[in-house]
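Use these hints to put chain B onto chain A, whose structure you have.
Which chain is which? The protein sequence lines are A and B, in order. If you're matching positions, the first sequence starts at 112 in our numbering and goes up one per residue. If you're matching positions, the second sequence starts at 206 in our numbering and goes up one per residue.
These are computed hints drawn from the structure, not numbers from a lab. Note that CB positions come from ideal geometry on N, CA and C, so glycine has one too. It cannot be assumed that every hint is accurate.
As the list claims (entries may be wrong) - Facing chain A, from chain B, some residues (calculated, C-beta under 8 Å): (1) T247; (2) S248; (3) N251; (4) R255; (5) I375; (6) F380.
Unchecked claim - Here are the simulated distance ranges between beta carbons: (7) R334(B) with N125(A): 40 to 46 Å; (8) P226(A) with G557(B): 56 to 62 Å; (9) V567(B) with L219(A): 45 to 51 Å; (10) R340(B) with P226(A): 39 to 45 Å; (11) E142(A) with A551(B): 54 to 60 Å; (12) N288(A) with R238(B): 31 to 37 Å; (13) A551(B) with S297(A): 49 to 55 Å; (14) S406(B) with E273(A): 48 to 54 Å; (15) A251(A) with S242(B): 26 to 32 Å; (16) G557(B) with N236(A): 50 to 56 Å; (17) Q287(A) with A551(B): 48 to 54 Å; (18) V311(B) with G155(A): 31 to 37 Å.
What follows is the residue order along each chain.
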Amino acid sequence: MSTRLPSVLVVDENAVRAAIIEAGLREAGHENVTIVADVRGIAGEIAILEPDVIVIGLENPNRDMLENVFQLSRAVKRPIAMFVDRSDRDSMEAAINAGVSAYVVDGLKRERVKPILDMAISRFNAYSRLERELEDARGALQSRKIIDRAKGFLMRSRGLSEDAAYALLRKTAMNQNRKIGEVAESLVLAAEMLGDRDGSND
Amino acid sequence: MAATTDIFAGFIPLTDSAILVAARECGFAEEERIALSLIRETSWANIRDRIAIGHFQAAHMLAPMPIAAALGLTPLSQAVLAPMALGLGGNAVTVSLALFDEMQAVNPVDMLDPASSGAALRELVRQRRDTGRPRLRFGVVHPHSGHNFELRYWLASSGIRPDEDVEIVIAPPPFMPDVLAAGRVDGYCVGEPWNSVAVASGAGRIATVKSAIWNSSPEKVLGVHADWAGRNPEALARLIRALYRAAQWCSTRENHAALAHILARPDYLDQPASLVIKAIDGSILGGRGARSGIAFFEPFAGAATFPWQSHALWFYSQMVRWGQVAHTPANAEAARLCFRPDIYRAALTPLGGALPGANAKVEGALKQPSPVGATAGSLVLAADGFFDGAVFDPDRLDDYIATQMPLRTPSA
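Here chain A stands alone, though its shape is the one from the complex (with noise of 0.2 Å):
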């Protein structure tokens, strides 16, 4: 069984992310994954299963506590050490850079664990990647929001048109060399510090 993939235990509460990884480590074949969301009663969990690989988003609180389970656990022999080599001092960086930290059984060969750690690092940079996109298109939607806003008090308080009113804010953001959503925020602010009341409140 010395050819036998490491197992590998992930401990994310993001079940999205955690999904994400499990998939990757499957495809590429570890068959002996498994997913922990809630660390309350991990310190049985890895009695039970043993795991060679342990991988954790650096965000979890409870990385302290994890590691106090490790340091208990060296009483029955199973040593737990940071990363495959504390020289590697790339892919620990490139770990931390992409805000995942992984605990590895001593002695597990380096050759075998770099796959694990390079796959987790991928993932998680993939995931945040995801989050920034969405972050974006959120601030997107809120843009357009606002600009629907200020479209609406330039039409009530100057008497323009739908098209006219978007004409001048793009007018004036170019002038200005802003953006239009920008000119948009602060058009809407006055608007509200001078009572107007456009019935909306978001």
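For chain B alone, coordinates are given in the frame of chain A:
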């Protein structure tokens, strides 16, 4: 040398991050040409790792962390120095309302009298053992923390064996009030404001405080990567000067309200200023601190930022006591050398203030405020007694370690 130095420092949301926060927010860092960025972290492990790879040049650290790293007790053990302390005291032991009531039924609980509350707890521990009820469970923030060691010290001196008679688990500071409210622990030892938060929400009551267990005792340090410190001695000296002035500002009564408001902000502690101020102005002690000669948290006075090597050795003695490391002369020396009074003194001598002349002192020997030898002017150290009257002489480390060992067996 007029260039500004960028320093990124990690911190955990705790009131004792005050000195770092004040250095940034009140201009003390800027005056020393330091652009100080503070990054809130979720675990001490993250702080350690991000120091190791150079994301952070400095950090708010548990005082035993550099020692644990030097002794190879943690993953990614890298050389981290403590050239400055970030104040004295600041923690408390909070227990659930149920446990508080049980203790109260044995002995009136007075947070400034750990001997009395410890005796009450020992009686409850005995009753639980005799009736086969589960052991009491306490939370601390980290195995290598002042919290773990002061809780254990209090328990052991009260005749309770921390590893046998109760259970000690690890939880992140901001989660403690929730963990207590959910009944997953019966009590915990943590820094502020996480005791006052539980008291305010009705989840717990304060049983005792760190400064009553050991008055004027060490808690957080400024941790810096040894390589960075070696390459940037001048920048480190400026950082220490900025933090020293910030500590002085934090300690000044007129600034307490302003400090509480800054710390209360969402990017720092994200808790009401009315709770944050309790540790800063000492009102957490119910106005009795001054009369009893106990300061709940002291950021500056009495050399509160001096990295005493006797503090490092005391923490080391507790690591040995609780089986975290074997006692050897080499280990003791490695622990002592993590704390760097030489760097502190070199940085601050130009300011002309009174700095301790010695690197170590006998801990627990001062029953009242006492003057000590200083580099300039006069310096008065606050009383520093242990609640059980013990004294720690760093020159007699072996004896101290030997006398503490029998406390592992119950006297209950």
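Hint by hint, here is what the structure shows:
no. : hint                             : result
1   : T247                             : holds (4 Å)
2   : S248                             : holds (4 Å)
3   : N251                             : holds (5 Å)
4   : R255                             : holds (7 Å)
5   : I375                             : holds (4 Å)
6   : F380                             : holds (6 Å)
7   : R334(B) with N125(A): 40 to 46 Å : holds (42 Å)
8   : P226(A) with G557(B): 56 to 62 Å : holds (59 Å)
9   : V567(B) with L219(A): 45 to 51 Å : holds (48 Å)
10  : R340(B) with P226(A): 39 to 45 Å : holds (43 Å)
11  : E142(A) with A551(B): 54 to 60 Å : holds (58 Å)
12  : N288(A) with R238(B): 31 to 37 Å : holds (33 Å)
13  : A551(B) with S297(A): 49 to 55 Å : holds (52 Å)
14  : S406(B) with E273(A): 48 to 54 Å : holds (51 Å)
15  : A251(A) with S242(B): 26 to 32 Å : holds (29 Å)
16  : G557(B) with N236(A): 50 to 56 Å : holds (51 Å)
17  : Q287(A) with A551(B): 48 to 54 Å : holds (52 Å)
18  : V311(B) with G155(A): 31 to 37 Å : holds (34 Å)
Checked against the numbered hints listed earlier, the structure breaks none of them; every hint is satisfied.
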